[in-house]
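Given next are the chains, with one letter for each unit.
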Amino acid sequence: MADTVQAAPARSRRARGAQAPEPKTDAAAPDAAPPAADAGTLVGYYRQMLLIRRFEERAARAYTEAKIGGYCHLNLGEEATVVGLMAALRPTDYLFTNYREHGYALAKGFNAVAGGSGGSSPHQPSRAERVMAELYGRSTGVSKGWGGSMHLFDAEARLLGGYGIVGGQVPLAAGAALAVSYKGGDEVVMCQMGDGTTAIGAFHESLNIAALWNLPVVFVVINNGLGMGTTVESSAAEPELYRRGAAYRTESLRVDGTDVLAVRDAARTAVERARAESKPYLLETVSPRLKGHSVVDPARYRSKEEKEALKAADPLARMALELEEAGILSADDRDRLDAEVTAEVDAAAAFADESPAPEVSTLFDYTYATPVPGELRRLPADPVFGS
Amino acid sequence: MATVTYRQALRDTLRAEMLRDENVFLLGEEIGLFEGSYKITEGLLKEFGPRRVRDTPIAEEGFVGAAIGAAMLGLRPVVEIMTINFSLLALDQIVNHAAKIYGMFGGQASVPMVIRTPGGGGQQLGATHSQNVELFYSFIPGLKVLAPSTPAEASAMLKAAIRDDDPVLFLENLALYNTRGELPAAVEDVEPAEIGRAAVTRPGTDITIIGYSRMARVASEVAETLAAEGVSAEVVDLRSLRPLDRQTVVDSVRRTGCAVVAEDDWLTYGIGAEIAATIQEGAFDWLDAPVRRVAMAEVPLPYAKSLETAALPSAESLLTAVRATLRATGRITPGTDATSPRPALEPVR
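Chains A and B supply the protein sequences, listed in that same order.
Everything in the first sequence is counted per UniProt numbering, starting at 1 for the first residue and increasing by one.
Everything in the second sequence is counted per UniProt numbering, starting at 1 for the first residue and increasing by one.
Among these hints, one or two may not hold up.
With the C-beta cut set under 7 Å, the calculated list includes, among others, these residues of chain B facing chain A [as the list claims (entries may be wrong)]: (1) A70; (2) L73; (3) Y102; (4) D165.
Using 25 Å as the maximum straight-line C-alpha spacing, the simulated SDA-like pairs for lysine to any residue come out as follows [to be verified]: (5) A:K67 - A:P358; (6) B:K46 - A:L212; (7) A:K183 - B:A324.
Since the hints were made in silico from the structure, they are not lab data.
Glycine residues also receive a C-beta, built at the ideal position from the N, C-alpha and C atoms.
Bound conformation, chain A alone (with noise of 0.2 Å):
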């Protein structure tokens, strides 16, 4: 398994001039043949699949009925990613994202929540609910309506955070690893981000802070090929992106991210590294989206035929096509969840339509965590000093 996860001695006797065989850039394998997933783990994978695509979809719709505003980056096409890495981790493991993360929200944890992502009583908001409040702007939002599409926020689920600034995550999930790592604990904090990250100097800086002090983090970079609509071969001289940890001697692995079980099991080996050795490990899952860099961006950068090749790789419905050969869910199952996911999703586009936008009130609250005198609060209409 070792030439396999180790891109770093191949490429460097590659560059030397010697004739060493590519490694291998597939769908590699971890450590052993994945086990094999019970058919009720296959189907919960399958629903939390569903509940991003769906959420999605509504998300989308809510955008163009502008009851969402700003940006809104969706992780359609993505979902087999997004719930197989989510379910290598421990609920006390922590989540760095950026800005196309509704999914990493709602799947974050979602074990450790009561009742799945479903709320069990109206005071206590379900996940989809407080996620969509917050798309919304509402008071009862993730983050209170403060952070919008690109800055959700779930202390209770340990997801530190979306962030907007492409890099901009990396070095804080280093730091949050040397945290973790200062105190002792066994806890590993996963770095979502895009391909597109992979050229900035945050992520170069933060791969080789994180393997000179032994920290316990996997950057995972979603690469969906196209950095807004960059592709990625145009704008990394490396576009075999998990290569790159091999200039920081740590492991890397490629993976088919639009298959649930083989990104699950990569994130398992990443994860379970990071957490027994201490130390960092690079994750590249392939993961191509299926709409534009944004609800708004129609992607006319794509070709019709690429269009209709990545309708093809839906990897929801590939695996709805897979569950249903293997004889565990048949197509009446399938509309069931789907009516299921469907009214989660209505209830919570419900909630946050229903949901008190913040008070004006609350303005200057979460300026200074220690308040101070001397702080200008002044909304524009008012003078500095009183009259």
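With chain A fixed as given, assemble chain B onto it according to the hints.
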């Protein structure tokens, strides 16, 4: 009471805070084996070991970001960036992340960290190593920006910064490290300062001189010189650039009727501009003369000593501005800069 240098006050305070709180740790450039470029961390690696005194690669964005992440999980990192000039490489982490995390997540995570970094000209270090860019940080809500001018303030404000739950930029001026002053108590007993408060460090009646960091000390020297000439100058040390204590400034100017602002950075859009605007908004009717500003010449700071000295604000340049303002108010007679009797003041209203 012990007389210590600014440098020693910082070093002893760091040590005391590390002994007090296990979550306080240091990271930064050359702070361990090298014991700090300016020796603020001398002896600390030996005493506390590499877990708590951590040398970093020369990668400001990476290690500042790492400190932010560590702070989010409850540690209290004190970062040293070798000079404020290098902090520009970490600007994204400081401005987009440290300053915003508490707000953009609705108060769910705070960033209790300190970034210590020296700046200032006068050492013949050339254009990229002699700037004071505190303005960039003072502009940003969510950050706290402190600039103490004496050893006692340095100790009290560093304690406050470390114990504060927000990101604090703690600005030191190279010219201050060897200056001496008294601590009011043994360093472990120094009371943490109240962040966001300016201080009237010398009361006076004829004019207000406002400064911070090195220029607060220069203002005190100038006030001393003026006292010998019979002019009573009040000195306000801002100490905290964000939050800014506007009220203390305005109250002082309402008493004295005129003001000069002294800053160790460029004039245009600078901190002096903010103070002048504050005075205009809060004390216009009390002013007997326009507010004057003394600042660095608007050039990249040159290496040659003759040019560098001419570019930097000094006691002489401040004194010139103060006298011009006093003449404009009639508090001293034109042509005599010294002891002419002060005419009776007629309030504007």
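Hints and how they fare:
1. A70: holds, 4 Å
2. L73: Constraint on L73 of chain B satisfied, holds at 4 Å.
3. Y102: With a minimum Cβ separation of about 5 Å from chain A (threshold 7 Å), the hint on Y102 of chain B holds.
4. D165: Interface hint status for D165 of chain B: holds (4 Å vs cutoff 7 Å).
5. A:K67 - A:P358: holds, 15 Å
6. B:K46 - A:L212: holds, 21 Å
7. A:K183 - B:A324: violated, 59 Å
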